[in-house]
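Which chain is which? The protein sequence lines are A and B, in order.
All residue numbers for the first sequence refer to the working numbering, where the first residue is 1 and numbers rise by one.
All residue numbers for the second sequence refer to the working numbering, where the first residue is 1001 and numbers rise by one.
Honestly, the hints are just simulated from the structure, not real lab data.
Incorrect hints may appear among the rest.
DSBU-like cross-link-like pairs, simulated, lysine-lysine; straight-line CA separation at most 35 Å [as the list claims (entries may be wrong)]:
#: 1; chain 1: A; residue 1: K80; chain 2: B; residue 2: K1122
#: 2; chain 1: B; residue 1: K1214; chain 2: B; residue 2: K1064
#: 3; chain 1: A; residue 1: K238; chain 2: B; residue 2: K1135
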Amino acid sequence: MRTRSVLLALLILILFWQVLAWIVHLDILPSPWEVGKAFIREMGRDLPAHFLASFWRVFASTLLAILISSPLGLILGQSKSLNKIFAPLIYLLYPIPKVVLIPVIVLFLGIGNVSKIFMIFLVLFFQILVLVRDQAAAIRPELLQSVLSLGAGRRALFRFVYLPASIPAILTALRQSVGTAVAVLYVAELFATQKGLGYYIYLKGSTLFDYPAMYAGVVAMSILGFGLYFVVDWLEKKLSPWQFAN
Amino acid sequence: MIKVQNLSFEYTGGQTVFQNFNWSVNQGEAWTILGPSGCGKSTLLSCLAGLRFPKAGQILVDEKPLTRPRPQTGLIIQDYGLLPWATVRENVSLGLDIRRFYGPDGKHAPLKSNVSENDVEKWLERLGLAEQAKKFPGQLSGGQRQRCAIARTLVLQPDILLMDEPFSSLDAPTRADLQNLVIELWQEHQLTMITVTHLIEEAAILGQKILLLKTPPNQETIVLDNPSFGRPGFQSDPTYLQICSELRGQIGS
């Protein structure tokens, strides 16, 4: 995506917001200007700490999901018999909206970071697992045979074929689930915590009725989501340049 | 160099493709395997590459039974088999990377080899790919992709070159160009070359000797000598036209 068109879209969005704020003319919808001022003010207070707490949770869960689900996806994609055993289980678990499990996870893993990280991990885990598995299974046998004929055994196939083939699948999975991950993070941070953007937004909006600060939290959460999306985009260009070559 | 002894091969469904089939290839010969679709020609080539194994019988290469792909045998397939995420240079050096990955173990890589990274550059130059070295396969024409596959195989200095319908998906001028190139390379590097094709003309162009396969099960070894092979201007040579017409007759019968 070109930077200019993204900036233009942002400008249109802010203008639309401004017009809506004029029309509605209520405290619960402050103008972007007011929110901007609140954002700068809150950046000098506790907003960065909440942002970092949320960022750490998303980062740790994403890393964990990549490290655990990619190898599993690669194994299932390579082994038809293993996939036959696990496919029905994944088929059943994949569509369950993981967010409904938050209370259960908090009961088991407590109110600390672990339960929140696990929650987001769960969302990403299935997405990456399924995409990497399908990508590995879709590698053409002719390609495998020609690499085998160059002397590759199972280990070299893994290193030179399956591993690089899985990178685009991991990035596609991340791109698809970044939005869901941030949404789940918000819900997870409403439960028994005093750090994180979810808690911050809820506190400012529903307890302190400081609406501009609440919106500053929403902006921070959007920046987090957009930032992750941007990183995935950047990684894709770095790690899979062949997909952009025409 | 290659001996196929009493080979029997069955597809998973139980269809017998080869039954007690025997065939031998001498070092430095250029063979083509010709036959209609489903006759087992690609299966035979996969067995020679050590990628599929017969139900009975054996294949000997240099008197040793073939139990896995040989590091000195090169295979080129119709759809090139290039890694889409690797550049032309990375694809050409893939075999070397795999050899480095295992080390000279005699199984995945030969115990002694004098192939080096410089050879990659040499082959890129030789096959006219130097300017495309940083491109990805998706950015190349069909002919360039197949040149890349040929470079990747020959950089490993194989003694046997197996090709499975290598030029089938290319247009006629590119195909003719690459056919001439492989004959040149065969002569330069004293390769033992076996090409599978379903095209009668290609069988006559690339094969000193032609192994004809028919509707399975193949039991009999039908071999035709091709005196027109390698002659300049062979297209108008009466022996070329004669062998083509003979092959046409044999396939039709």
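Hint check:
no.: 1; hint: A:K80 with B:K1122; result: violated (41 Å)
no.: 2; hint: B:K1214 with B:K1064; result: holds (28 Å)
no.: 3; hint: A:K238 with B:K1135; result: holds (15 Å)
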